[in-house]
Amino acid sequence: RAGNYAWALYKELAEHPDGQSISLFREFARRHAVMVVVGLPTRSDTGYHISQMVIGQSGELLGGYHKMHLAHYGASMEKDYFSSGSRLLVVECQGYRLAPVICYDIRFPELSRSLALEHGVDVLLHCGAYYRDESFASWHPFVVTRAMENQHYVLSLNRAGQHYGASVLAPPWIDEANPMIRLHENREEFKHLVIRREAIERVRRDYTFLRDRKPFYRT
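Its first residue numbered 42, the sequence shown is counted upward by one per residue in this note's numbering.
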C-alpha cells in the first residue's frame, strides 16, 4: 500500500516463516544462487516482531533475527506494537560470519561486542529506517564506532526515498585511504561491494584494540 509506514497494518503485514513474501525471496535466492537478507514484520507464538530473515544460496531459510532493542521515542512507538527478540543469529557465507541487527540495535555496544568477541562475526548486517530528523545525524557515527571498536565490517542500509537514504559500508579501519563507502543519497540502487578477509586480519594485527581490553570493567 502507498503512503508512510502504517502502524495499523502491522498485524496484516506480519508473516510466519512460511509466509508469501519469505517464500518469494526463497525462490529468488534459489534461482540466482545468492544469499538474501530481507526485513519485514513477523509473527510467532510470543507476539509480533521486527525481523530480518536470512535465506541461503539454495533457497533454504537459515533463520530469523528479531529486533532486540525496540525504539520508543519521538515518532517510534515500537513497544506498543512489537515484542523484543532475545536470540542472536549468526550465519556463514563463503567463509565469512555474518550477523543481522536492526536500526536502534546499533546504539547498544554490548550487542555488537558480543557478536564480535563471542561469535567471531566478520560483517554486521544492519538495516534501518532512518528518517532525516534529529536522530539522523548520529546514525553514521554509531556505525563507524561499531566497525572500528570491533574491527569488522558494518553494512548499514537505510530505506530509500527523499527523507531517508545515505546507506554505507564501514570497513574495520577508517582513514583517508580507507573511507566509508557511501551508497546513493536517497534512491534505490544495486551496488557491488567487496569485503576482504585480509583487511580484518591486518587491522586486528596492527591495531590491538581487542587484545588490549582489561578484565576490570565490571569491578
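Among these hints, one or two may not hold up.
Ranges between beta-carbon positions, derived for each pair [as the list claims (entries may be wrong)]:
(1) Leu65 / Lys255: 29 to 39 Å
(2) Asp174 / Thr249: 37 to 47 Å
(3) Leu65 / Phe250: 35 to 45 Å
For the record, the hints were derived by calculation from the structure and aren't laboratory data.
None of the values given here were measured: they were computed from a predicted structure.
The beta carbon of each residue, even a glycine, is placed where N, CA and C say it ideally should be.
So, going through the hints one by one against the coordinates:
Taken as a hint, the range 29 to 39 Å is violated for the pair Leu65 and Lys255, whose Cβ atoms sit roughly 49 Å apart. Remark: the range hint 37 to 47 Å for Asp174 to Thr249 is upheld by a beta-carbon distance near 38 Å. In this structure, Leu65 and Phe250 meet the distance hint of 35 to 45 Å, their C-beta atoms being roughly 42 Å apart.
Violated hint: 1 only; the structure is consistent with all others.
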